[in-house]
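Protein chains in written order, with this note's numbering: chain A, 2 to 288; chain B, 2 to 288; chain C, 2 to 288.
Misleading hints may appear alongside valid ones.
Treat identical chains as interchangeable: a pair holds within one or across any two.
[Claimed, not checked] When the alpha-carbon atoms are kept at most 35 Å apart in a straight line, the in silico DSBU-like pairs for lysine-lysine are as follows: (1) Lys239 to Lys101; (2) Lys243 to Lys101; (3) Lys240 to Lys101; (4) Lys243 to Lys60; (5) Lys60 to Lys240; (6) Lys60 to Lys101.
It should be emphasised that the hints constitute simulated quantities derived from the structure, not laboratory data.
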Amino acid sequence: MRSKLFVPGSRPELFDKAFRSAADAVSFDLEDAVAPDRKAEARANVAEALGGAFAGARKTTIVRVNGFESGHFEADIEAVAGPGLNVVNIPKVEGADAIKRASERLAGLERSRGLDRPIGILANIETPRGVRFAAEIALADPRIVGLQIGFGDLFEPYGIARTNRTALDVIRLSVRLAAAEARLPAYDGAFVGVHDDEAFRTEAEQARELGLAGKSCIHPRQVPLANLVFSPTAVEIKKARKIAAAGAEMHRRGVGAFTLEGVMVDEPFIARARALLAAAERNGDGV
Amino acid sequence: MRSKLFVPGSRPELFDKAFRSAADAVSFDLEDAVAPDRKAEARANVAEALGGAFAGARKTTIVRVNGFESGHFEADIEAVAGPGLNVVNIPKVEGADAIKRASERLAGLERSRGLDRPIGILANIETPRGVRFAAEIALADPRIVGLQIGFGDLFEPYGIARTNRTALDVIRLSVRLAAAEARLPAYDGAFVGVHDDEAFRTEAEQARELGLAGKSCIHPRQVPLANLVFSPTAVEIKKARKIAAAGAEMHRRGVGAFTLEGVMVDEPFIARARALLAAAERNGDGV
Amino acid sequence: MRSKLFVPGSRPELFDKAFRSAADAVSFDLEDAVAPDRKAEARANVAEALGGAFAGARKTTIVRVNGFESGHFEADIEAVAGPGLNVVNIPKVEGADAIKRASERLAGLERSRGLDRPIGILANIETPRGVRFAAEIALADPRIVGLQIGFGDLFEPYGIARTNRTALDVIRLSVRLAAAEARLPAYDGAFVGVHDDEAFRTEAEQARELGLAGKSCIHPRQVPLANLVFSPTAVEIKKARKIAAAGAEMHRRGVGAFTLEGVMVDEPFIARARALLAAAERNGDGV
Numbered sequence: 002m003r004s005k006l007f008v009p010g011s012r013p014e015l016f017d018k019a020f021r022s023a024a025d026a027v028s029f030d031l032e033d034a035v036a037p038d039r040k041a042e043a044r045a046n047v048a049e050a051l052g053g054a055f056a057g058a059r060k061t062t063i064v065r066v067n068g069f070e071s072g073h074f075e076a077d078i079e080a081v082a083g084p085g086l087n088v089v090n091i092p093k094v095e096g097a098d099a100i101k102r103a104s105e106r107l108a109g110l111e112r113s114r115g116l117d118r119p120i121g122i123l124a125n126i127e128t129p130r131g132v133r134f135a136a137e138i139a140l141a142d143p144r145i146v147g148l149q150i151g152f153g154d155l156f157e158p159y160g161i162a163r164t165n166r167t168a169l170d171v172i173r174l175s176v177r178l179a180a181a182e183a184r185l186p187a188y189d190g191a192f193v194g195v196h197d198d199e200a201f202r203t204e205a206e207q208a209r210e211l212g213l214a215g216k217s218c219i220h221p222r223q224v225p226l227a228n229l230v231f232s233p234t235a236v237e238i239k240k241a242r243k244i245a246a247a248g249a250e251m252h253r254r255g256v257g258a259f260t261l262e263g264v265m266v267d268e269p270f271i272a273r274a275r276a277l278l279a280a281a282e283r284n285g286d287g288v
Numbered sequence: 002m003r004s005k006l007f008v009p010g011s012r013p014e015l016f017d018k019a020f021r022s023a024a025d026a027v028s029f030d031l032e033d034a035v036a037p038d039r040k041a042e043a044r045a046n047v048a049e050a051l052g053g054a055f056a057g058a059r060k061t062t063i064v065r066v067n068g069f070e071s072g073h074f075e076a077d078i079e080a081v082a083g084p085g086l087n088v089v090n091i092p093k094v095e096g097a098d099a100i101k102r103a104s105e106r107l108a109g110l111e112r113s114r115g116l117d118r119p120i121g122i123l124a125n126i127e128t129p130r131g132v133r134f135a136a137e138i139a140l141a142d143p144r145i146v147g148l149q150i151g152f153g154d155l156f157e158p159y160g161i162a163r164t165n166r167t168a169l170d171v172i173r174l175s176v177r178l179a180a181a182e183a184r185l186p187a188y189d190g191a192f193v194g195v196h197d198d199e200a201f202r203t204e205a206e207q208a209r210e211l212g213l214a215g216k217s218c219i220h221p222r223q224v225p226l227a228n229l230v231f232s233p234t235a236v237e238i239k240k241a242r243k244i245a246a247a248g249a250e251m252h253r254r255g256v257g258a259f260t261l262e263g264v265m266v267d268e269p270f271i272a273r274a275r276a277l278l279a280a281a282e283r284n285g286d287g288v
Numbered sequence: 002m003r004s005k006l007f008v009p010g011s012r013p014e015l016f017d018k019a020f021r022s023a024a025d026a027v028s029f030d031l032e033d034a035v036a037p038d039r040k041a042e043a044r045a046n047v048a049e050a051l052g053g054a055f056a057g058a059r060k061t062t063i064v065r066v067n068g069f070e071s072g073h074f075e076a077d078i079e080a081v082a083g084p085g086l087n088v089v090n091i092p093k094v095e096g097a098d099a100i101k102r103a104s105e106r107l108a109g110l111e112r113s114r115g116l117d118r119p120i121g122i123l124a125n126i127e128t129p130r131g132v133r134f135a136a137e138i139a140l141a142d143p144r145i146v147g148l149q150i151g152f153g154d155l156f157e158p159y160g161i162a163r164t165n166r167t168a169l170d171v172i173r174l175s176v177r178l179a180a181a182e183a184r185l186p187a188y189d190g191a192f193v194g195v196h197d198d199e200a201f202r203t204e205a206e207q208a209r210e211l212g213l214a215g216k217s218c219i220h221p222r223q224v225p226l227a228n229l230v231f232s233p234t235a236v237e238i239k240k241a242r243k244i245a246a247a248g249a250e251m252h253r254r255g256v257g258a259f260t261l262e263g264v265m266v267d268e269p270f271i272a273r274a275r276a277l278l279a280a281a282e283r284n285g286d287g288v
């Protein structure tokens with residue numbers, strides 16, 4: 002999921018455009034983008050979309066539900082759990098227990114509705130406590146498909162400047178390493194400057210350096226930028242092919258580490274090269 | 002507490018000047034600034050000052066006592082606990098248990114002395130273990146009023162350069178997030194270059210970017226700089242007013258998120274704007 | 002151990018040169034540099050070297066064994082434990098329990114072989130889980146002599162760019178603080194650009210700023226660079242002498258903190274000055 006396009010559940014007139022975008026995933030929002038008195042309406046809109054016109058779309062479908070404490074969580078997942086839903090995105094996750102309970106609830110809905118594919122959970126890490134327990138959260142349940150950073154909730158209430166690069170990168174690295182313990186991807190948060198493509202792209206590039214796999218988009222114009230930044234480049238693919246080939250040859254010859262163009266290469270580098278080639282293939286980057 | 006001015010307990014001739022300074026808080030030091038053989042004298046000086054001439058001053062009064070393991074802790078708090086003391090600052094805190102014991106001791110003194118206002122605890126995070134357990138410390142007891150970073154003890158014995166910006170900011174962010182779990186403020190450490198106002202101000206500005214609420218001052222000349230940096234600016238106040246107003250209007254109209262001058266605004270941003278306006282009002286910045 | 006020179010156990014023709022180098026320590030590698038079908042051969046080479054020609058060399062001798070899960074760990078330590086071995090370097094350590102088991106195994110070998118000096122353990126922190134539990138690992142057993150960062154395994158499989166300075170420094174600081182809890186040194190990872198002396202030196206200088214004590218070398222040309230960077234400079238020694246002397250004088254006069262050339266100095270600074278002078282003496286830097 003290089004790009005995940007948000008669309009407010011209360012604005013069904015935007016759904017079609019979101020589905021026709023190049024985003025790897027569409028994320029219907031029932032939480033912060035929907036005012037309290039429109040939650041029920043938004044829920045119904047999203048349930049209809051997932052069951053109807055877009056049911057067969059080749060896109061990962063995500064619904065950002067309201068949090069465990071909101072009083073809306075149960076109604077949200079009951080409304081949207083169905084064959085058209087891939088992933089439930091849960092906000093402000095702070096520990097493993099809540100994830101396990103949510104997973105059981107989803108399992109119950111899957112059974113009662115005869116769903117043959119498990120619904121994944123994308124856990125938002127967007128509170129100080131969530132950051133502290135990010136690894137436990139990633140490891141909590143096989144249903145977890147990744148960790149999603151939320152910078153707004155994490156920084157704004159505590160006066161941490163969104164422009165402080167160290168703060169951004171420390172959180173990115175923490176969440177990346179937490180996800181890595183469970184062999185899961187981690188995703189960068191949304192960027193609030195809707196019309197500032199350059200700043201969006203810079204943020205995406207910084208996120209990619211820290212090993213993040215994609216970025217939330219709050220406007221369709223951000224989607225191609227995310228897809229571009231989070232795809233392997235031609236140079237990277239070429240280099241990865243070279244390392245993978247040399248690694249295979251060296252394995253045949255019984256050597257553990259070798260020097261390639263002045264750089265020592267051993268197992269972790271060969272593993273990385275293979276992972277990059279696999280990602281390129283998934284994106285159809287003609288490996 | 003934008004500024005907290007340190008004054009050695011062994012130098013009572015400086016107390017008056019400290020109280021007449023613009024510092025939000027005066028912190029009498031019984032620990033590192035006082036040599037072992039002058040602890041008793043310093044303790045008596047501070048007890049006298051808190052009970053006497055300065056008892057009615059409109060300033061937060063803090064005493065930095067000696068640590069739990071020092072052999073001086075009990076005598077320190079017994080000497081200074083009284084109606085003139087607002088906060089005990091405890092050095093090198095490393096876990097929740099010691100805080101709970103200190104809190105019980107303070108409760109005992111409050112009862113036996115008929116104090117009608119609880120004495121707060123400002124916990125110093127200034128050891129590697131303290132950083133690791135900073136969130137547990139912040140959450141340990143309702144008496145905790147904040148976390149205070151100490152860079153000297155944290156960096157010097159381990160050869161970490163005080164000039165390494167990443168090291169400073171990582172610790173600031175860690176301690177800020179730990180305090181945030183308990184909805185508490187966190188404060189930046191002292192800056193040792195007594196005559197270098199520009200460097201002090203730069204450090205304060207960096208600390209503010211990471212969400213810290215104030216900074217220790219070891220010289221009166223640093224106080225106005227800290228007060229300036231940790232107060233909201235006119236531009237920030239203006240912007241916060243705009244966000245708060247738009248947020249109120251959008252709530253009325255049943256919208257959850259909106260775009261203001263090209264930036265998406267939702268709940269955490271509105272909460273931040275309100276917190277900034279409240280801080281400005283406390284400082285008397287004419288909101 | 003400012004410099005620790007790696008030499009593949011499968012290449013005995015390099016051992017002599019490694020021993021004659023200026024490296025503070027020689028680390029024989031049985032792990033990543035040795036292909037699976039050459040493990041037994043490498044093990045025998047190293048055992049012979051430690052028991053033979055190099056047994057009396059004035060160098061710290063280290064063997065990087067294969068990890069606990071590799072199936073080679075037992076055979077490795079049985080082959081190399083002897084009077085010629087100072088330290089076992091264990092890769093991918095992720096918790097205290099495995100360290101305790103390894104320590105017991107080494108104790109058994111020491112008893113049965115009548116060794117009169119305990120073999121140390123240098124624990125590699127090179128997985129996301131290892132970073133999370135680095136302090137527990139450092140504190141796990143008195144046999145631990147330090148923590149060793151491994152950036153290749155930590156970053157490559159998760160797509161984290163080795164060029165991201167923040168990522169490097171955050172890990173360095175985390176591991177330094179973890180080691181500090183057990184009063185142990187921490188060491189920077191290898192740098193893979195074999196011929197790029199300038200970049201090696203830059204990395205070493207960055208590591209030293211974060212309080213690391215030395216750096217792995219994968220080529221003999223890196224050894225003098227590491228020795229240089231991780232030795233105190235003449236300026237540092239001069240300044241440390243001044244602080245230590247002033248500290249002693251101030252202690253005599255019963256003062257806890259003082260100002261030296263515009264900078265406030267108290268206990269942690271005096272402790273640091275003394276530690277630096279001790280390190281300089283160990284290196285023979287003519288204190």
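Hint-by-hint comparison with the structure:
Taking CA atoms no more than 35 Å apart as the test, Lys239 paired with Lys101 passes in neither setting, with 42 Å inside one copy and 44 Å between copies. In this assembly of identical chains, Lys243 and Lys101 lie within 35 Å of each other by CA distance neither inside one copy nor across copies; the values are 43 Å within and 41 Å between. Taking identical chains as interchangeable, the C-alpha atoms of Lys240 and Lys101 are never at most 35 Å apart, the minima being 41 Å within one chain and 41 Å between chains. Taking identical chains as interchangeable, the C-alpha atoms of Lys243 and Lys60 lie at most 35 Å apart only when both belong to the same chain, with a minimum of 32 Å there against 38 Å between chains.
Proximity of Lys60 to Lys240 under the C-alpha cut-off of 35 Å is restricted to the intra-copy arrangement: shortest distance 30 Å within a copy versus 39 Å between copies. When the C-alpha separation of Lys60 and Lys101 is checked against a cutoff of 35 Å, the pair qualifies only within one copy, where the shortest distance is 26 Å, while the shortest distance between copies is 49 Å.
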